[in-house]
Amino acid sequence: MAVCARLCGVGQSRRCRRRQRQNQQGQGSDSDMDEEEGERIVGQPQGDVSGGATAGPSDAREYGSGRVNRLGSSTGPPHPQSLSELPPELLVEIFSLLPGTALPSVALVCKAFRQILNMETIWRRRCIEEFDMKGDLRKVEVGGVSSRELYAKRVDPRVKSGRFMKLLPDYEHMDYRDVYTHLLYPYRNILGIWQPDIGPYGGLLNVVVDGLFIIGWMYLPPHDPRVEDPMRRRPLFRVHMLESNKATVECMYGHKGPHKGDIQTGKKDEFSTKCNQTDHHRMPGGRQEEFRTWLEEEWGRTLEEIFHEHMQELILMKFIYTSQYDNCLTYRRIYLPPRMPSDLLQPGLFKGTYGSHGLEIVMLSFHGTSARATKLTGDPNVPAGQLTLDVDLSRPVVLPDLEHQRRIEELSQLVLGVHAEVQRETEQRAKVVSPTVSGAAAEEACGGAGVAEGLEVDHGASSDGCQPDPSSSSTSPLETQPFVLPLGVMARNEVYPRTCRKCFYGTGLIAGHGFTSPERTPGLFVLFDEDRFGFIWLELKSFSLYSRLKDQLAHAHAPDMERFDAMLHSMQSWTS
Numbered sequence: 009m010a011v012c013a014r015l016c017g018v019g020q021s022r023r024c025r026r027r028q029r030q031n032q033q034g035q036g037s038d039s040d041m042d043e044e045e046g047e048r049i050v051g052q053p054q055g056d057v058s059g060g061a062t063a064g065p066s067d068a069r070e071y072g073s074g075r076v077n078r079l080g081s082s083t084g085p086p087h088p089q090s091l092s093e094l095p096p097e098l099l100v101e102i103f104s105l106l107p108g109t110a111l112p113s114v115a116l117v118c119k120a121f122r123q124i125l126n127m128e129t130i131w132r133r134r135c136i137e138e139f140d141m142k143g144d145l146r147k148v149e150v151g152g153v154s155s156r157e158l159y160a161k162r163v164d165p166r167v168k169s170g171r172f173m174k175l176l177p178d179y180e181h182m183d184y185r186d187v188y189t190h191l192l193y194p195y196r197n198i199l200g201i202w203q204p205d206i207g208p209y210g211g212l213l214n215v216v217v218d219g220l221f222i223i224g225w226m227y228l229p230p231h232d233p234r235v236e237d238p239m240r241r242r243p244l245f246r247v248h249m250l251e252s253n254k255a256t257v258e259c260m261y262g263h264k265g266p267h268k269g270d271i272q273t274g275k276k277d278e279f280s281t282k283c284n285q286t287d288h289h290r291m292p293g294g295r296q297e298e299f300r301t302w303l304e305e306e307w308g309r310t311l312e313e314i315f316h317e318h319m320q321e322l323i324l325m326k327f328i329y330t331s332q333y334d335n336c337l338t339y340r341r342i343y344l345p346p347r348m349p350s351d352l353l354q355p356g357l358f359k360g361t362y363g364s365h366g367l368e369i370v371m372l373s374f375h376g377t378s379a380r381a382t383k384l385t386g387d388p389n390v391p392a393g394q395l396t397l398d399v400d401l402s403r404p405v406v407l408p409d410l411e412h413q414r415r416i417e418e419l420s421q422l423v424l425g426v427h428a429e430v431q432r433e434t435e436q437r438a439k440v441v442s443p444t445v446s447g448a449a450a451e452e453a454c455g456g457a458g459v460a461e462g463l464e465v466d467h468g469a470s471s472d473g474c475q476p477d478p479s480s481s482s483t484s485p486l487e488t489q490p491f492v493l494p495l496g497v498m499a500r501n502e503v504y505p506r507t508c509r510k511c512f513y514g515t516g517l518i519a520g521h522g523f524t525s526p527e528r529t530p531g532l533f534v535l536f537d538e539d540r541f542g543f544i545w546l547e548l549k550s551f552s553l554y555s556r557l558k559d560q561l562a563h564a565h566a567p568d569m570e571r572f573d574a575m576l577h578s579m580q581s582w583t584s
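Counting from 9, one number per residue, gives the positions in the sequence shown under this note's numbering.
Check each hint, because a few of them may be wrong.
[Unchecked claim] Label pairs and their in silico Cβ distance ranges: (1) Glu278 / Arg300: 32 to 38 Å; (2) Glu297 / Thr129: 49 to 55 Å; (3) Asn197 / Lys439: 48 to 54 Å; (4) Glu101 / Glu297: 21 to 27 Å.
[Unchecked claim] Below, a list of computed lysine to aspartate or glutamate pairs in the DMTMM-like style, where the Cα atoms sit at most 25 Å apart: (5) Lys282 / Glu298; (6) Lys282 / Glu297; (7) Lys142 / Glu97; (8) Lys142 / Glu101; (9) Lys276 / Asp140; (10) Lys558 / Glu137; (11) Lys254 / Glu278; (12) Lys268 / Asp287.
Read the hints as simulated data drawn from the structure, not as lab findings. Glycine is no exception: its CB is placed at the ideal position from the N, C-alpha and C atoms.
Please put together the full structure from these sequences, using the hints given.
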């Protein structure tokens with residue numbers, strides 16, 4: 009109650025009572041100090057009196073009647089003693105700076121504050137700053153697109169403008185406070201990027217405030233093998249307000265327009281969607297028509313145009329598996345890795361070629377001297393969530409001239425030489441930490457620090473094919489060198505860069521169908537530029553080209569590296 013009294017100006021503050029006592033005693037010097045302190049609090053300079061005389065606070069009258077100096081002339085308006093005495097326009101500006109979660113508490117202070125908090129200016133600013141909301145509810149336009157075209161142009165370009173007019177919300181009877189209170193704030197925890205639980209295939213979902221909707225966009229790689237084309241997007245669900253005090257969830261799957269859906273947020277960093285009208289997913293021509301439509305969207309071609317029999321089997325298998333999840337899906341939050349000063353390039357999401365499996369999405373992150381690519385989308389051999397590439401940045405590989413690069417035997421000799429060295433060091437470390445040697449016996453037998461020094465020297469040694477490069481430092485400029493794929497190495501995309509910056513030893517994960525007999529096989533990581541890298545799979549004699557996903561993803565970056573590492577560990581446990 010004391011706080012409310014001070015904010016609303018009810019009763020006298022301690023400073024006011026002290027001033028009255030000081031005025032009665034005529035102590036002008038002490039009163040000057042109190043006046044200066046009060047002016048520092050309210051942040052307003054004291055006005056000057058006519059003739060250069062300074063107003064004495066010992067002569068100040070009760071607040072509300074103004075201040076006068078010893079000569080009787082007015083010195084200007086009185087200083088406000090509480091927030092409630094500030095002009096309404098200034099209170100609107102102050103309240104607009106507060107987070108939306110704090111505004112209901114402010115409204116409990118007094119009736120005047122509650123009335124001010126009903127102003128649209130405050131809540132509009134909260135919607136824009138906290139959720140990056142664009143558009144004006146009064147003009148009902150988003151980037152020059154009216155609400156009548158919003159669904160057709162931003163949600164599903166195939167639908168004509170007038171087809172779903174009755175499903176568009178009427179924003180004329182809403183205000184920003186309703187949008188913040190019933191739409192943006194309740195669904196704030198589903199904003200960001202997520203991985204759907206679709207068995208080995210995974211995926212990438214981006215939930216954003218898109219215009220006047222919250223929309224879940226499923227990101228699809230470009231059609232194979234055009235790895236450098238932009239990502240494709242398909243809406244899975246949307247949340248908006250059909251009424252002023254209630255948000256509505258709609259499923260966007262299928263070809264009959266939006267229909268009833270539901271979102272459940274139980275566990276932390278996890279939510280589920282459910283379709284309540286799955287008949288909207290069916291097509292008149294049955295499963296055959298659904299498969300042909302899905303194939304055109306997924307691969308950009310018909311089944312007759314895919315001549316490889318094994319690829320046809322993989323495509324049909326994926327359609328049958330993923331169509332089981334068209335009515336209910338669970339999503340788990342994923343983060344983009346934070347960038348560190350020592351990183352070789354900007355970490356993030358990349359599209360990569362994976363042979364007959366088509367294009368897949370991976371997340372590149374850096375961990376000390378290692379660069380790791382984790383699958384966000386996968387296949388029956390190596391599922392989503394697995395570590396597809398593990399690159400040792402402390403082991404650069406210097407390529408020979410172009411003539412020798414074309415010989416797969418010479419490239420294999422370089423990489424396999426490094427691989428053998430890594431295996432020897434791994435065996436040495438295993439001997440040092442062997443469970444048969446423990447406690448003081450281990451220190452006495454191995455010589456303690458002497459062994460550690462030996463391992464460090466061995467790690468820094470270079471084989472004949474792996475030479476330290478002075479440009480390996482992240483602070484040094486990276487010069488390009490000619491690059492060509494060895495003869496006999498298959499590449500899904502023949503248009504690959506002909507120059508590279510650096511090459512490193514690394515391993516790639518391969519496995520049989522159903523993720524059977526997984527093993528890491530040696531290969532060569534090739535850095536082309538800031539947005540492209542490649543990997544030569546020596547055992548498979550194939551080449552994968554990766555291109556950066558350049559879409560702006562809001563609410564996606566990990567707060568710190570520890571949180572990102574925990575997310576990676578959880579992701580791998582989902583599919584293990």
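Structure-based check of all given hints:
Between Glu278 and Arg300 the C-beta distance comes to about 34 Å, which sits within the given range of 32 to 38 Å. Between Glu297 and Thr129 the beta carbons are some 52 Å apart, a value that agrees with the proposed interval 49 to 55 Å. Between Asn197 and Lys439 the beta carbons are some 49 Å apart, a value that agrees with the proposed interval 48 to 54 Å. Checked against the given bound of 21 to 27 Å, the beta carbons of Glu101 and Glu297, roughly 58 Å apart, lie outside it.
For the suggested pair Lys282 and Glu298, the alpha carbons sit about 20 Å apart, so the restraint of at most 25 Å is met. Between Lys282 and Glu297 the alpha-carbon distance is near 24 Å, which keeps this suggested pair within the 25 Å criterion. For the suggested pair Lys142 and Glu97, the alpha carbons sit about 24 Å apart, so the restraint of at most 25 Å is met. The straight-line distance between the Cα atoms of Lys142 and Glu101 is roughly 20 Å, inside the 25 Å bound, and the hint therefore holds.
For a cut-off of 25 Å, the pair hint linking Lys276 to Asp140 stands: about 23 Å separates their Cα positions. Straight-line distance between C-alpha atoms of Lys558 and Glu137 comes to about 23 Å, which keeps the hinted pair within the 25 Å bound. At roughly 23 Å between alpha-carbon atoms, Lys254 and Glu278 fall within 25 Å of each other, so this suggested pair holds. Between Lys268 and Asp287, the direct Cα distance comes to roughly 11 Å. Compliance with the 25 Å bound is thereby established for this hinted pair.
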